[in-house]
Amino acid sequence: MSPVPAAPQATRPRPRAPEAAPPPRPPRRSRPADLWPYLLIAPTLAGTAYLLVYPLVRSVVISFQHFRLGELIRGGAEFAGFDNYAEVLGGAEFWTVVRRTLVWTAVNVVLITLIATLIALMLPRLGRWMRLTVMSGMVLTWATPVLAATTIFQWLFQSRLGVVNWLLVTLGFDSFKDYTWFADGDSTFVILVALVVWQSVPFAALTLYAGLTTVPAELYESARIDGATGLQIFRSVTFPILRPLFGLVTSLEVIWVFKCFAQIWAISKGGPDEATTTLPVYAFQIAQSLHKYDLGSAVSTLTVLILIAVLITHLRRMLKHEGEQL
Amino acid sequence: MRPRRVLLNLAALGVLVVSVFPVYWMVLTAFKPTTDILSETPGFWPAHPTLEHFTTAVGTPGFWTFWGNSLSITVGAVLLALVVALLAAFAVARMRWRGRRAFILMVFIAQMAPWEALLVSMYIVARDTNMLDKLSMLTLIYFMATLPFTIVTLRGFIAAIPPELEEAAQMDGCSRAAAFRRVVLPLLAPGLMSTSLFGFITAWNEFAFANALIIKNQDDRTLPVWLSSFSNVFGTDWGATMAAATLFMLPVLAIFLVLQRRVTSGLIAGAVKG
Numbered sequence: 001m002s003p004v005p006a007a008p009q010a011t012r013p014r015p016r017a018p019e020a021a022p023p024p025r026p027p028r029r030s031r032p033a034d035l036w037p038y039l040l041i042a043p044t045l046a047g048t049a050y051l052l053v054y055p056l057v058r059s060v061v062i063s064f065q066h067f068r069l070g071e072l073i074r075g076g077a078e079f080a081g082f083d084n085y086a087e088v089l090g091g092a093e094f095w096t097v098v099r100r101t102l103v104w105t106a107v108n109v110v111l112i113t114l115i116a117t118l119i120a121l122m123l124p125r126l127g128r129w130m131r132l133t134v135m136s137g138m139v140l141t142w143a144t145p146v147l148a149a150t151t152i153f154q155w156l157f158q159s160r161l162g163v164v165n166w167l168l169v170t171l172g173f174d175s176f177k178d179y180t181w182f183a184d185g186d187s188t189f190v191i192l193v194a195l196v197v198w199q200s201v202p203f204a205a206l207t208l209y210a211g212l213t214t215v216p217a218e219l220y221e222s223a224r225i226d227g228a229t230g231l232q233i234f235r236s237v238t239f240p241i242l243r244p245l246f247g248l249v250t251s252l253e254v255i256w257v258f259k260c261f262a263q264i265w266a267i268s269k270g271g272p273d274e275a276t277t278t279l280p281v282y283a284f285q286i287a288q289s290l291h292k293y294d295l296g297s298a299v300s301t302l303t304v305l306i307l308i309a310v311l312i313t314h315l316r317r318m319l320k321h322e323g324e325q326l
Numbered sequence: 001m002r003p004r005r006v007l008l009n010l011a012a013l014g015v016l017v018v019s020v021f022p023v024y025w026m027v028l029t030a031f032k033p034t035t036d037i038l039s040e041t042p043g044f045w046p047a048h049p050t051l052e053h054f055t056t057a058v059g060t061p062g063f064w065t066f067w068g069n070s071l072s073i074t075v076g077a078v079l080l081a082l083v084v085a086l087l088a089a090f091a092v093a094r095m096r097w098r099g100r101r102a103f104i105l106m107v108f109i110a111q112m113a114p115w116e117a118l119l120v121s122m123y124i125v126a127r128d129t130n131m132l133d134k135l136s137m138l139t140l141i142y143f144m145a146t147l148p149f150t151i152v153t154l155r156g157f158i159a160a161i162p163p164e165l166e167e168a169a170q171m172d173g174c175s176r177a178a179a180f181r182r183v184v185l186p187l188l189a190p191g192l193m194s195t196s197l198f199g200f201i202t203a204w205n206e207f208a209f210a211n212a213l214i215i216k217n218q219d220d221r222t223l224p225v226w227l228s229s230f231s232n233v234f235g236t237d238w239g240a241t242m243a244a245a246t247l248f249m250l251p252v253l254a255i256f257l258v259l260q261r262r263v264t265s266g267l268i269a270g271a272v273k274g
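So the sequence lines, in the order shown, correspond to chains A and B. Each residue of the first sequence is one higher than the one before, counting from 1 in the UniProt record's numbering. Each residue of the second sequence is one higher than the one before, counting from 1 in the UniProt record's numbering.
One or more of the hints may lead you astray.
According to the in silico footprint, chain B covers these stretches of chain A (three or more CB under 8 Å from chain B) [stated by the list, open to error]: (1) 58 to 65; (2) 79 to 90; (3) 119 to 126; (4) 135 to 149; (5) 181 to 188; (6) 220 to 234; (7) 278 to 284.
List of simulated lysine-lysine pairs, DSS-like, C-alpha gap at most 27 Å [stated by the list, open to error]: (8) B/134 / B/216; (9) A/269 / A/177; (10) B/134 / A/177; (11) B/216 / A/177.
Chain B is faced by these chain A residues, among others (derived, beta-carbon under 10 Å) [claimed, not checked]: (12) 45; (13) 152; (14) 246.
The hints are simulated quantities; they were obtained by calculation from the structure and are not laboratory data. Using N, Cα and C, we set each Cβ at its ideal position, and we do this for glycine too.
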């Protein structure tokens with residue numbers, strides 16, 4: 001690892017020079033030959049090279065090799081061309097997992113965006129006290145560590161003592177008495193969605209709310225004077241102005257949900273009956289429990305490619321937007 | 001007008017309950033005696049509060065070791081990311097140089113890095129560089145995982161501070177570094193706070209790498225990994241499990257309660273600018 005450069009040196013305050021003529025104005029932009037910027041970004045580059053680029057390249061290389069437990073211990077992996085990809089892409093299981101991952105991502109992101117938008121629109125209409133309370137509650141949710149939240153949800157949905165089953169039975173849904181949520185694939189999937197949505201809404205809602213506060217009030221007023229309904233105002237005023245922000249939030253959520261691993265692994269390890277095996281979980285299963293590191297790397301590489309394909313249009317728009325700021 | 005107000009407040013109340021209840025339920029369970037936890041009808045307030053579950057959780061072999069591991073890794077990663085990001089963010093926000101655009105692009109791409117997809121190769125890289133089963137490897141990974149976000153956010157904060165302030169300080173005889181330290185750094189405090197909080201949460205939370213890279217030396221596990229195996233340790237002792245989860249959440253919660261307002265506004269500002 002690269003050495004960490006020292007923080008900017010502190011110097012003692014120098015007494016102000018008593019001369020009359022002001023010193024020459026320091027150049028606003030650094031000289032072209034200046035080495036400073038490159039020194040300043042050197043640690044970032046070193047870290048990225050060792051901890052991101054190298055593992056990424058290594059992963060891609062392994063995906064083209066025969067790399068199982070033996071090669072891991074002894075070394076000397078041989079190149080196998082596209083064999084691993086052929087094996088992964090040729091299996092029916094991979095495509096099932098891909099479809100499931102896309103469904104998982106779509107369900108979560110749609111729910112998150114929808115709920116977050118509704119909350120963001122609700123917040124400015126609340127009284128000051130209520131607004132602060134709701135925001136604090138959401139910050140609490142957001143601050144709950146992933147593994148703590150996972151444990152809590154396991155407890156909430158516990159079959160015999162879980163408060164959710166108690167509530168459902170009390171409300172008259174008697175079939176939920178002692179219902180074992182984690183024994184069934186679909187209901188485990190539902191709980192994982194609930195967990196991820198619960199954890200993700202606060203960030204999205206608070207970000208969108210922050211964006212809403214930047215929309216000039218006059219725009220709303222003139223729209224209202226023109227007789228627009230709430231939905232019309234949202235469609236023709238709010239959304240177009242906040243389109244980049246909506247894009248940013250949804251794409252971040254797509255990335256996070258697509259890559260989501262800890263919650264699924266801690267709750268179900270991809271089960272029961274593979275019902276919650278998404279791509280990252282699948283890659284890890286193959287590598288960790290089957291010691292097929294080459295196939296695991298091939299799945300990881302394909303995961304990244306699929307994610308890029310999903311995001312590409314949006315990515316382009318975002319870079320263009322950033323380009324205007326540079 | 002009236003019924004709309006009522007409806008709105010009801011909706012707000014609903015959001016509040018859904019946000020807060022799971023966490024409340026965790027803390028409540030942690031304080032309930034086992035007989036109350038096992039009762040058919042759940043109690044919604046602490047009728048007979050007890051500390052027995054916390055004693056059980058803390059008394060588990062290695063609890064403090066795992067706690068310490070998590071804390072040192074997290075603090076190390078956050079500090080490293082702050083220093084490295086501050087340097088890079090300054091170079092990006094205040095200087096013009098060849099390759100600047102490419103660098104910013106790299107940071108944006110790194111922010112979307114498929115970390116979980118790197119589990120396998122990170123294991124191999126760690127092994128090849130003799131870093132397997134080492135907490136320092138986790139520190140480095142968490143540092144890298146939070147670095148891009150930290151750079152992007154700090155760049156936004158630095159760009160929002162007028163360069164004229166620094167120039168004025170330099171005219172008054174400060175060196176460039178001193179001008180940065182005395183003028184920019186204090187104005188940057190909220191940004192530093194919110195970004196380090198983000199880093200703290202990310203690192204404190206991280207499970208996948210800690211689970212995959214610490215294998216032989218079980219004393220070097222972190223709290224999330226330990227917590228995920230807690231049900232195996234205690235079977236169905238939900239009181240102790242919830243006490244452990246509460247203790248796990250405590251540092252993050254404490255920081256949040258102290259800094260809440262500033263952190264929220266800081267994060268929001270960063271998100272909008274970022």
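Comparing the hints with the structure gives:
1. Closer than 8 Å: that is the beta-carbon criterion, and the segment 58 to 65 of chain A has 3 residues meeting it against chain B, so the requirement of 3 holds.
2. Taking a C-beta to C-beta cut-off of 8 Å, the segment 79 to 90 of chain A contributes 0 residues in contact with chain B, too few for the three needed, and the coverage statement is violated.
3. Only when three residues or more bring their CB closer than 8 Å to a CB of chain B does the claim for the segment 119 to 126 of chain A stand; here the count is 4, and the claim holds.
4. With 14 residues having a beta carbon nearer than 8 Å to a beta carbon of chain B, the segment 135 to 149 of chain A meets the requirement of three or more and the stated coverage holds.
5. Here's how the segment 181 to 188 of chain A fares: 0 of its residues keep a CB closer than 8 Å to some CB of chain B, so the rule of at least three is not met and the hint is violated.
6. Proximity of the segment 220 to 234 of chain A to chain B, defined as three or more residues with a beta carbon under 8 Å from a beta carbon of that chain, is not established by the 0 residues found.
7. Note: the segment 278 to 284 of chain A has 3 residues with beta-carbon separation from chain B under 8 Å; the three-residue rule is met and the coverage holds.
8. Between residue 134 of chain B and residue 216 of chain B the alpha-carbon distance is near 10 Å, which keeps this suggested pair within the 27 Å criterion.
9. As the CA atoms of residue 269 of chain A and residue 177 of chain A are separated by approximately 25 Å, the hinted pair is consistent with the 27 Å bound.
10. Using a Cα cut-off of 27 Å, the hinted pair residue 134 of chain B and residue 177 of chain A is violated, with the two alpha carbons roughly 46 Å apart.
11. Restraint check for residue 216 of chain B and residue 177 of chain A: not satisfied, since their Cα atoms lie roughly 42 Å apart, outside the 27 Å limit.
12. This hint holds: residue 45 of chain A has a C-beta 8 Å from the nearest C-beta of chain B, less than the 10 Å allowed.
13. For residue 152 of chain A, the interface hint holds, the least distance from its beta-carbon to any beta-carbon of chain B being 5 Å, beneath 10 Å.
14. For the restraint placing residue 246 of chain A at the interface with chain B, the shortest Cβ-Cβ distance is roughly 12 Å, beyond the 10 Å limit, so the hint is violated.
Comparing the model with each earlier hint shows violations of hints 2, 5, 6, 10, 11, 14; every other hint is respected.
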